[in-house]
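Engineer: Sequence:
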Amino acid sequence: MLHSRALGPSLEQPLRDANVWLTRVHVAALVGAILLGTGSLGAETRLTDYVDPFLGTAPLTNVKDIGFNPPWRVWAGLTFPGASRPNAMVQLSPITEFGSGAGYEYEDEKIYAFTHTNKGHWNLCHIPLLPVTGNVDPRDFASAFSHDDESASPGYYQVLLSRYGINAELTTTLRCGYHKYEYPAGQRKKLIANLGISNERITDWQIEQAGDHAFEGFQQGREKVYFYATTNHKIEGIERLGWRRRAVSVVNFSDDSKPLEIKIGLSFVSIDNAKQNVDSELGSRSFDEVREESAKTWEALLSKIRVKGGAERQKRLFYSCLYRSFLWPALRSDVNGDFTDASGAVVRKDFAYYTDPSLWDDYRNKLVLLGMLAPRVTNDVILSMIDRGTITGFMPTFFHGDHAAAFIAGSYLRGLRGFDVKQAYDLLVHNATVENRRARPHLAEYIDKGYISTPIVAHPDVETKAKAGVTKTLEYAYDDYAVALLARELGDDATYEAMMKRSRNYANLFDASTGLMRGRLDDGKWVEPFDPQFPYYEYMYREANAWQSSFFAPHDTAGLVALFPSQEAFEQQLDQLFSIPWNPRHIAMNVNSFIGQYCHGNQPDHGFPYLYYWVGKQEKSQAVLNTIMDRFYGMDGGRTLCGMDDAGEMSSWYVFNAIGIYPYSPADDQYIVCVPLFDEVELDLGDATVTIVKENAGTKISEIIYDDEPIAGYFIPHRKLAKGKRLTIKATAVQ
Numbered sequence: 001m002l003h004s005r006a007l008g009p010s011l012e013q014p015l016r017d018a019n020v021w022l023t024r025v026h027v028a029a030l031v032g033a034i035l036l037g038t039g040s041l042g043a044e045t046r047l048t049d050y051v052d053p054f055l056g057t058a059p060l061t062n063v064k065d066i067g068f069n070p071p072w073r074v075w076a077g078l079t080f081p082g083a084s085r086p087n088a089m090v091q092l093s094p095i096t097e098f099g100s101g102a103g104y105e106y107e108d109e110k111i112y113a114f115t116h117t118n119k120g121h122w123n124l125c126h127i128p129l130l131p132v133t134g135n136v137d138p139r140d141f142a143s144a145f146s147h148d149d150e151s152a153s154p155g156y157y158q159v160l161l162s163r164y165g166i167n168a169e170l171t172t173t174l175r176c177g178y179h180k181y182e183y184p185a186g187q188r189k190k191l192i193a194n195l196g197i198s199n200e201r202i203t204d205w206q207i208e209q210a211g212d213h214a215f216e217g218f219q220q221g222r223e224k225v226y227f228y229a230t231t232n233h234k235i236e237g238i239e240r241l242g243w244r245r246r247a248v249s250v251v252n253f254s255d256d257s258k259p260l261e262i263k264i265g266l267s268f269v270s271i272d273n274a275k276q277n278v279d280s281e282l283g284s285r286s287f288d289e290v291r292e293e294s295a296k297t298w299e300a301l302l303s304k305i306r307v308k309g310g311a312e313r314q315k316r317l318f319y320s321c322l323y324r325s326f327l328w329p330a331l332r333s334d335v336n337g338d339f340t341d342a343s344g345a346v347v348r349k350d351f352a353y354y355t356d357p358s359l360w361d362d363y364r365n366k367l368v369l370l371g372m373l374a375p376r377v378t379n380d381v382i383l384s385m386i387d388r389g390t391i392t393g394f395m396p397t398f399f400h401g402d403h404a405a406a407f408i409a410g411s412y413l414r415g416l417r418g419f420d421v422k423q424a425y426d427l428l429v430h431n432a433t434v435e436n437r438r439a440r441p442h443l444a445e446y447i448d449k450g451y452i453s454t455p456i457v458a459h460p461d462v463e464t465k466a467k468a469g470v471t472k473t474l475e476y477a478y479d480d481y482a483v484a485l486l487a488r489e490l491g492d493d494a495t496y497e498a499m500m501k502r503s504r505n506y507a508n509l510f511d512a513s514t515g516l517m518r519g520r521l522d523d524g525k526w527v528e529p530f531d532p533q534f535p536y537y538e539y540m541y542r543e544a545n546a547w548q549s550s551f552f553a554p555h556d557t558a559g560l561v562a563l564f565p566s567q568e569a570f571e572q573q574l575d576q577l578f579s580i581p582w583n584p585r586h587i588a589m590n591v592n593s594f595i596g597q598y599c600h601g602n603q604p605d606h607g608f609p610y611l612y613y614w615v616g617k618q619e620k621s622q623a624v625l626n627t628i629m630d631r632f633y634g635m636d637g638g639r640t641l642c643g644m645d646d647a648g649e650m651s652s653w654y655v656f657n658a659i660g661i662y663p664y665s666p667a668d669d670q671y672i673v674c675v676p677l678f679d680e681v682e683l684d685l686g687d688a689t690v691t692i693v694k695e696n697a698g699t700k701i702s703e704i705i706y707d708d709e710p711i712a713g714y715f716i717p718h719r720k721l722a723k724g725k726r727l728t729i730k731a732t733a734v735q
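Residues 1 to 735 in the working numbering are what the sequence shown lists, from first letter to last.
Bear in mind the hints are in silico, worked out from the structure with no lab data behind them.
Note that CB positions come from ideal geometry on N, CA and C, so glycine has one too.
One thing to keep in mind: the hints can contain errors.
What the hints assert, rightly or not - Below are the BS3-like pairs computed for lysine-lysine, each with C-alpha atoms no more than 25 Å apart in a straight line:
#1 Lys720 x Lys308
#2 Lys465 x Lys525
#3 Lys296 x Lys308
#4 Lys308 x Lys730
#5 Lys275 x Lys224
#6 Lys304 x Lys720
#7 Lys449 x Lys525
#8 Lys422 x Lys501
#9 Lys304 x Lys730
#10 Lys725 x Lys304
#11 Lys234 x Lys258
#12 Lys224 x Lys349
#13 Lys349 x Lys422
#14 Lys275 x Lys234
#15 Lys275 x Lys258
#16 Lys501 x Lys525
#17 Lys501 x Lys449
#18 Lys723 x Lys304
#19 Lys723 x Lys308
#20 Lys308 x Lys725
#21 Lys449 x Lys465
#22 Lys720 x Lys730
#23 Lys349 x Lys275
Said to hold, decoys possible - Derived Cβ-Cβ restraints for the label pairs, each shown as a range:
#24 Arg240 x Glu289: 30 to 38 Å
#25 Asp708 x Trp526: 50 to 58 Å
#26 Ala512 x Arg585: 22 to 30 Å
#27 Asn135 x Pro455: 52 to 60 Å
#28 Pro71 x Lys110: 21 to 29 Å
#29 Leu490 x Lys64: 46 to 54 Å
#30 Asp426 x Lys349: 14 to 22 Å
#31 His213 x Asn135: 23 to 31 Å
Build the full structure now, drawing on both the sequences and the hints.
Structural biologist: The following block contains the structure:
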């Protein structure tokens, strides 16, 4: 359960001055929008039809929504529209610009290749292939295209390459891509393999013919990716054009009136394994069979959450976000079970091997959703992390913080048992007690002082590099709490007490004079001067300013409130958070899309809208939630997100809030209850299906009932939801 001081808010706390504040965030119009539409999804409706794979590919251009006049393309979405299965090895998608977040930007006019891996973090995009005709210029072969001649759905992508008159269709299995290219009559069929490029630095590559109807090779970046491809047309030869990095390979095919079909398997182990993958998963199957199986796979996953009511736009956003939540982590083991482990050895174990999650981003919500709807995958992801940790000595982390602790503790408390929890726990304790750059940098100082200091810098700017000491302190404190939860479960009382004590370290950086978390120098003095609105990438704060960082204590929110003179003072500080206008002179690449100082375009403050619950103002939280869901998803014509989707975190935030529950403290087994967008939600948790019902319209929760019993407070534990009963959320309008 949550730390006892975090459970505080109850339904009986009085409503104070809500009308004025609600007007300030324009909630009345939003309530009307939420009440639009009363349709339901019947059995005859395919949920995949609601998914727009292009969501998050379009640029964010509205200066009012951005918060400043950007000198670059805002990091909005950075998603890919191509074909994939859930959490698959292969994501087969078009490239309009190498070096961009996911390789595809909606405003671009040319396609350079179709690549076979993706994430959205300026990496991957391996094995670029492009069908062409005529003479090939290695410096100029990209094709123009039009969105009028482009379409996508879960597991499928199609586009007309207008330069060549080639209609390209793509679909996938877990480890394979299936290309189908319809060339103009009479044109010689060619395929460019541009293996010298990806979204990573390529150091070596190879392609060679493997019989009359196959080619194989590899691409070496940070990892070595092998491929084996079969074709339905005879290969007449492979030629190399150009020099060095600009060199491309051209696969030439014999004349044949039928569309060219290429079945390509990937492997992170060997070419032989890539061949096994394609033989096993594709074999003699047709394109339409594979496409239909992909659609059915996605339909089964999307059907785990079925909604009734709500507007058409909300359904499309909901299922698009649900889809987007299940593309990462990605599978890395082959059909025979082989994978390359962290030592570089090829091994075979009794679990599917996955990439590490994007932990700094998705521990907040996406990994909780993964555990709810795909527990087997989640267990295997944790087993993969344990495997890496056993080899390296430390549990994997990502980008910032040590959030494997929250992911694994929360998964265990929510009932996942498919991994050795003691083995995971030992690694997490090692992360929390032994300093290492792979785990917790500056840990010794954190343990010694109770905080991580900020160095003296005369005139720090947005890109000043330092320790991000405030953010690290707050995040380590929460990670300590997560370790403590596992220590309690395993009966390690000494570690439990030590970690719970450390979990209060967030308070050591609270500056009572500003009501914000502030950097301390090595000698304990406050950093001067102090501009709480100025954002940093990693000086005092990580990709945030003071306002976007200062309220992070999801394990002890009541303790955070207690640092203020009164609940009223805390409420006033929250009002400032959501109302102080963003200074348009403060420009940071991934800090945009604001409600006051609150930034929904990046992850650090995504839990802050719920803070009003702790001062008896749940309806003010709901007003913020409604504003975010209405304003920052499907922007600028419907295909824009306000910030990076970050491996599905932005999407999962929407999914949870739309159904009326959210993992406020993901290390715990409880969800905070909010007002859902939809009248009724059926949530399939595997062994049981819980029904979430919204009664009446409004932002003020008057009562929460589960299985005919009222719930005190706003939290419901996972173990209750797992019983599959009815959760009723009664909402009323604010008077």
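Engineer: Would the pair lysine 308 and lysine 730 pass a check requiring their Cα atoms to be no farther apart than 25 Å?
Structural biologist: holds, 16 Å
Engineer: Is the distance from the Cβ of histidine 213 to the Cβ of asparagine 135 consistent with 23 to 31 Å?
Structural biologist: Given range 23 to 31 Å: holds, Cβ gap about 25 Å.
Engineer: Within 25 Å, alpha carbon to alpha carbon, are lysine 224 and lysine 349?
Structural biologist: Since the Cα atoms of lysine 224 and lysine 349 sit roughly 20 Å apart, the hinted pair holds (cutoff 25 Å).
Engineer: Quick one, are lysine 465 and lysine 525 close enough, alpha carbons at most 25 Å?
Structural biologist: With a Cα-Cα distance of about 20 Å, the restraint between lysine 465 and lysine 525 holds, given a limit of 25 Å.
Engineer: Compare the distance between the alpha carbons of lysine 720 and lysine 308 with 25 Å, and conclude whether the hinted pair is satisfied.
Structural biologist: Given pair lysine 720, lysine 308 holds - Cα atoms ~22 Å apart, limit 25 Å.
Engineer: Mind checking the alpha carbons of lysine 275 and lysine 224 for me, to see if they're no more than 25 Å apart?
Structural biologist: holds, 16 Å
Engineer: Tell me if the straight-line CA distance from lysine 501 to lysine 449 falls inside 25 Å.
Structural biologist: holds, 13 Å
Engineer: Starting from lysine 723, check that the Cα of lysine 308 is at most 25 Å away, please.
Structural biologist: Holds: lysine 723 and lysine 308 sit about 21 Å apart, inside 25 Å.
Engineer: Does lysine 730 sit within 25 Å of lysine 720, going by the straight-line distance between their CA atoms?
Structural biologist: holds, 18 Å
Engineer: Could you say whether the range 30 to 38 Å given as a hint is met by the Cβ separation of arginine 240 and glutamate 289?
Structural biologist: holds, 35 Å
Engineer: Given a hint of 46 to 54 Å, does the C-beta separation of leucine 490 and lysine 64 actually sit inside it?
Structural biologist: holds, 51 Å
Engineer: Within 25 Å, alpha carbon to alpha carbon, are lysine 449 and lysine 465?
Structural biologist: holds, 21 Å
Going through the hint list in order, the structure satisfies each hint without exception.
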